[in-house]
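Protein chains: 2
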Amino acid sequence: MQNQLEKLANNSKSIKIDIAQINPIVGDLNGNTQKIIKLTQEAYIRGCDLLVFPELSLIGYPPEDLLLHEGFVQQVQDKVTLINQTISNNISIIFGAPYKKDDILYNSAYLIQNSQVYFYHKQNLPNYGVFDEKRYFESGNEPFIFECQGKKISLVICEDAWTSDIISISANKGVQIIISINASPFQIGKHSQRIEQIKQRVLETKTNFIYVNMVGAQDELVFDGASFAMNSNANITLQLPLFKEAVQSVSFTSPITLFDTDPIEKTIYDALVLATKDYIEKNDVFNGVVIGLSGGIDSALTLAIAADAIGTEHIKAIMMPYKYTSNISLEDAKIQATTMNVDYHEINIHIIVDSFNTQLNTLFIGMETDTTEENIQARIRGTLLMAISNKLGKIVLTTSNKSEIAVGYTTLYGDMSGGFAPLKDVNKTLVYQLAKYRNTISTIIPERVIDRKPSAELAPNQADQDSLPSYNELDAILTLFIEQKYSVKHIIKQGFNEQTVKYITQMVLNNEYKRRQSAPGPKISPNAFGKERRYPMTSKFQP
Amino acid sequence: MQNQLEKLANNSKSIKIDIAQINPIVGDLNGNTQKIIKLTQEAYIRGCDLLVFPELSLIGYPPEDLLLHEGFVQQVQDKVTLINQTISNNISIIFGAPYKKDDILYNSAYLIQNSQVYFYHKQNLPNYGVFDEKRYFESGNEPFIFECQGKKISLVICEDAWTSDIISISANKGVQIIISINASPFQIGKHSQRIEQIKQRVLETKTNFIYVNMVGAQDELVFDGASFAMNSNANITLQLPLFKEAVQSVSFTSPITLFDTDPIEKTIYDALVLATKDYIEKNDVFNGVVIGLSGGIDSALTLAIAADAIGTEHIKAIMMPYKYTSNISLEDAKIQATTMNVDYHEINIHIIVDSFNTQLNTLFIGMETDTTEENIQARIRGTLLMAISNKLGKIVLTTSNKSEIAVGYTTLYGDMSGGFAPLKDVNKTLVYQLAKYRNTISTIIPERVIDRKPSAELAPNQADQDSLPSYNELDAILTLFIEQKYSVKHIIKQGFNEQTVKYITQMVLNNEYKRRQSAPGPKISPNAFGKERRYPMTSKFQP
Numbered sequence: 001m002q003n004q005l006e007k008l009a010n011n012s013k014s015i016k017i018d019i020a021q022i023n024p025i026v027g028d029l030n031g032n033t034q035k036i037i038k039l040t041q042e043a044y045i046r047g048c049d050l051l052v053f054p055e056l057s058l059i060g061y062p063p064e065d066l067l068l069h070e071g072f073v074q075q076v077q078d079k080v081t082l083i084n085q086t087i088s089n090n091i092s093i094i095f096g097a098p099y100k101k102d103d104i105l106y107n108s109a110y111l112i113q114n115s116q117v118y119f120y121h122k123q124n125l126p127n128y129g130v131f132d133e134k135r136y137f138e139s140g141n142e143p144f145i146f147e148c149q150g151k152k153i154s155l156v157i158c159e160d161a162w163t164s165d166i167i168s169i170s171a172n173k174g175v176q177i178i179i180s181i182n183a184s185p186f187q188i189g190k191h192s193q194r195i196e197q198i199k200q201r202v203l204e205t206k207t208n209f210i211y212v213n214m215v216g217a218q219d220e221l222v223f224d225g226a227s228f229a230m231n232s233n234a235n236i237t238l239q240l241p242l243f244k245e246a247v248q249s250v251s252f253t254s255p256i257t258l259f260d261t262d263p264i265e266k267t268i269y270d271a272l273v274l275a276t277k278d279y280i281e282k283n284d285v286f287n288g289v290v291i292g293l294s295g296g297i298d299s300a301l302t303l304a305i306a307a308d309a310i311g312t313e314h315i316k317a318i319m320m321p322y323k324y325t326s327n328i329s330l331e332d333a334k335i336q337a338t339t340m341n342v343d344y345h346e347i348n349i350h351i352i353v354d355s356f357n358t359q360l361n362t363l364f365i366g367m368e369t370d371t372t373e374e375n376i377q378a379r380i381r382g383t384l385l386m387a388i389s390n391k392l393g394k395i396v397l398t399t400s401n402k403s404e405i406a407v408g409y410t411t412l413y414g415d416m417s418g419g420f421a422p423l424k425d426v427n428k429t430l431v432y433q434l435a436k437y438r439n440t441i442s443t444i445i446p447e448r449v450i451d452r453k454p455s456a457e458l459a460p461n462q463a464d465q466d467s468l469p470s471y472n473e474l475d476a477i478l479t480l481f482i483e484q485k486y487s488v489k490h491i492i493k494q495g496f497n498e499q500t501v502k503y504i505t506q507m508v509l510n511n512e513y514k515r516r517q518s519a520p521g522p523k524i525s526p527n528a529f530g531k532e533r534r535y536p537m538t539s540k541f542q543p
Numbered sequence: 001m002q003n004q005l006e007k008l009a010n011n012s013k014s015i016k017i018d019i020a021q022i023n024p025i026v027g028d029l030n031g032n033t034q035k036i037i038k039l040t041q042e043a044y045i046r047g048c049d050l051l052v053f054p055e056l057s058l059i060g061y062p063p064e065d066l067l068l069h070e071g072f073v074q075q076v077q078d079k080v081t082l083i084n085q086t087i088s089n090n091i092s093i094i095f096g097a098p099y100k101k102d103d104i105l106y107n108s109a110y111l112i113q114n115s116q117v118y119f120y121h122k123q124n125l126p127n128y129g130v131f132d133e134k135r136y137f138e139s140g141n142e143p144f145i146f147e148c149q150g151k152k153i154s155l156v157i158c159e160d161a162w163t164s165d166i167i168s169i170s171a172n173k174g175v176q177i178i179i180s181i182n183a184s185p186f187q188i189g190k191h192s193q194r195i196e197q198i199k200q201r202v203l204e205t206k207t208n209f210i211y212v213n214m215v216g217a218q219d220e221l222v223f224d225g226a227s228f229a230m231n232s233n234a235n236i237t238l239q240l241p242l243f244k245e246a247v248q249s250v251s252f253t254s255p256i257t258l259f260d261t262d263p264i265e266k267t268i269y270d271a272l273v274l275a276t277k278d279y280i281e282k283n284d285v286f287n288g289v290v291i292g293l294s295g296g297i298d299s300a301l302t303l304a305i306a307a308d309a310i311g312t313e314h315i316k317a318i319m320m321p322y323k324y325t326s327n328i329s330l331e332d333a334k335i336q337a338t339t340m341n342v343d344y345h346e347i348n349i350h351i352i353v354d355s356f357n358t359q360l361n362t363l364f365i366g367m368e369t370d371t372t373e374e375n376i377q378a379r380i381r382g383t384l385l386m387a388i389s390n391k392l393g394k395i396v397l398t399t400s401n402k403s404e405i406a407v408g409y410t411t412l413y414g415d416m417s418g419g420f421a422p423l424k425d426v427n428k429t430l431v432y433q434l435a436k437y438r439n440t441i442s443t444i445i446p447e448r449v450i451d452r453k454p455s456a457e458l459a460p461n462q463a464d465q466d467s468l469p470s471y472n473e474l475d476a477i478l479t480l481f482i483e484q485k486y487s488v489k490h491i492i493k494q495g496f497n498e499q500t501v502k503y504i505t506q507m508v509l510n511n512e513y514k515r516r517q518s519a520p521g522p523k524i525s526p527n528a529f530g531k532e533r534r535y536p537m538t539s540k541f542q543p
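Respectively, the protein sequence lines represent chains A and B.
Sequence positions in the first sequence follow the working numbering and run 1 to 543.
Sequence positions in the second sequence follow the working numbering and run 1 to 543.
Source of the hints: derived by calculation from the structure; they are not laboratory data.
Where is the CB? At the ideal position from N, CA and C, for every residue including glycine.
Label pairs and their computed distance ranges (CB to CB): (1) 253/A / 510/B: 47 to 53 Å; (2) 100/B / 331/A: 55 to 61 Å; (3) 197/B / 248/A: 52 to 58 Å; (4) 141/A / 510/B: 38 to 44 Å; (5) 495/B / 128/A: 41 to 47 Å; (6) 193/B / 343/A: 53 to 59 Å; (7) 102/B / 285/A: 48 to 54 Å; (8) 261/A / 85/B: 57 to 63 Å; (9) 100/B / 311/A: 50 to 56 Å.
My request is simple: use the sequences and hints to build the entire structure.
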């Protein structure tokens, strides 16, 4: 009888679980370990019972082929031992790290409790889109249930919670809380998908749920954080911020309103800013950025993102006019730089273009002017930006957007040059929306840049729409082809001109070789160029 | 009793199986289908009972994300129907193609026999190295045994034959022949590994084996062909040529000698030639190649490969001297072009360099000369080559080798510019060996190019060994680090200088960003740069 009473007491005793939504750096075992230890010590002091870190938080996500390197997993085990020896016995922690047994590697959740180390091995390994987990890991096949402060808690990892089967097994035997640790990258609409999925699991199991996500950017991925708790009635009772590190205590009692009401432009813009900031700061070899301004909307938005990411004082904006550059472009570039208080330089490329033409004259004699000459201008600008980058230690930000990268309306080794391309997954229509959104915070992009007709200004009186349909039409076709992967027939059925669809989709396929050599940039769409899109360069596929 | 006799008669009747070692083009459903139909008709006429094509031969390998595109699989099914309707009922054929059922995609072998279509679904899906099959396919789980001319034949696909379990199940029930269809890419030593594996399977099962491989190149992969037959005593009784399309009849009677005695340099050289040829010809938008000669060994070998791939008459060689270019380099470049009868031009870059310096002067005032100025030279050369490429419709071949790409001793958008990089996976030591080998056929590379001290000639009296260890030492360290994935500690233990190893391995990791934007080039090593090596750019891993 006394035992029963004790149990009841234990059960009613509340447990204090904190979510540590951290931003680890891939491969930075020292730094990530120190962050875990420090946050654990702070949590212990404030009386936390269980502190939960994201998936693979000890090594960062995605570690890619570092996992295959000799010594990597041993280094991980050394750090686990260090963490275990350092933290107090009076707090339990969960974090993600790889675990190797009998030469088999798992994507595991580590529970350290009372100096003991326990493991859960991820069962559902994503191997689609940007994910390659079956390249590295084997699937676990057992649920993991542990007790903490008398509560029965089940532990799963990310994709495990996206189907009913694993959770239904994990949540039986009187489990009171399910904890899922995640490294779930941002894309438009992803957060509401996550909530929808977890709601399903909660409705199926009637169990409280804690969703712990990573935050921060890694190469082409941005992790948005937005970790949350949902009680057994499927009400959200806690949500951590988007795009920021945070540590917060879980409650299952009072339903809250989500910040999902932010305009989508704000969320996307914040994702691009964090992606740019983290790429620059985690690769700590750059003292700032250099951007080629053109007076157009893409470079204007890129400059705004860069300024919000690392501060205007670290930026050099370079305008490189030639005879096709309009006065409006020159004026607007200068106005924006002045408004933003960004260091601005003009480098006229006339004499450089002339020197190329002179030296190529013999070879090109009697031949017509064509895109060759346009590309020379773009490549001179790329070379100038790279020279400034090399000399000053600043990274070149590429200003290409997704629409032009899709159809190849961009010069390889020219305007495609650069270390990072913030707009790589942002189509032209969205570029305009983001520029307008950014101007609602403070007017830094001249209105005329947003309003005027887009042009590459590489030839006399050139306009993008000379060789492309309107961006509205182009982006609609591109979305159906690239993101939905529709056949040409299917796209035409949606009401688009047959010739236009055939022309555009063929351009997309023909320009795979350019994208293969393009700079990395943050994924924000359901199908980004980069590791998410793996198309052959050599292909005769008729879509 | 009569039945028994009939059966015996059937069993003793010989079956005529032909191997069709073809070179399909990825996504070229029309072309590949026509090739399959044509070869089948020819085989039927010569009395062949069963004609066997390679893995995924209807669509080419690897199809990558084409498999995810709406309509792709339907197009495949239409072609299968066309083949079935077109070929004679008196011949059976096997080819590889994807098969979709209930929204699940398989990597399948199709058997068309008597107007019926049968399937085997690959069970063992490779998802390591260059392979991503679990991204697209589900595993089959059943063996497939069929009869042809009274023989019991079992069918498997590629990786299925690399372990005992699948073959042991496939080969029971009186199977007399096992056929494996493959798309197995070339790498050094791969062919003997294949033979070793199949020998094991034959020894385990005492069953005749037919190994049908694809030939031809696709982007970064080269398929070497070399299909073979092995009888139940584990003797090779037939081998098809390396790097060539061929159709040959299987015999299990007389053991043959392999052509494995070719020097390895010949095999590698032939792989590079086929890779370059197929990349250019399958992407049929180029009328030839343009190569920047430097007077050094890399461009000399690249020129030789290009000539053997597409013929000297389609090549433009461009020498772009600057003040650091030695007379020896100028002479040797010209001698090689003349010897080979290749169209040769010199473009002096002095005035272009001067024009850049003039325009950058204000920004760089008071700053020291450094690698910025070296990179400007390289980028001017890259821009000139790309201009010639754009104007004349010739593809630029990049001349960078694996050693310099590994440590970043190469200029992004400079000498790295180009559509294809034949030496991307060839380290410097091997570059010398291949040049010497090529000269044994005909002396086209001046001996002095092979003998002299390597230099990038981007600064006064520069030599590669000013900033790098000897190439012998460098390549040894790189092989241990990149191919073996050894830890730094392990490499030092092999007898290398600690400081050198740390310096070199850190350079490899630091230059991941350059490789991410590099041109494609053929895989020949067990770990090529490209899709086989997936390293994060942002990483603080200490190897």
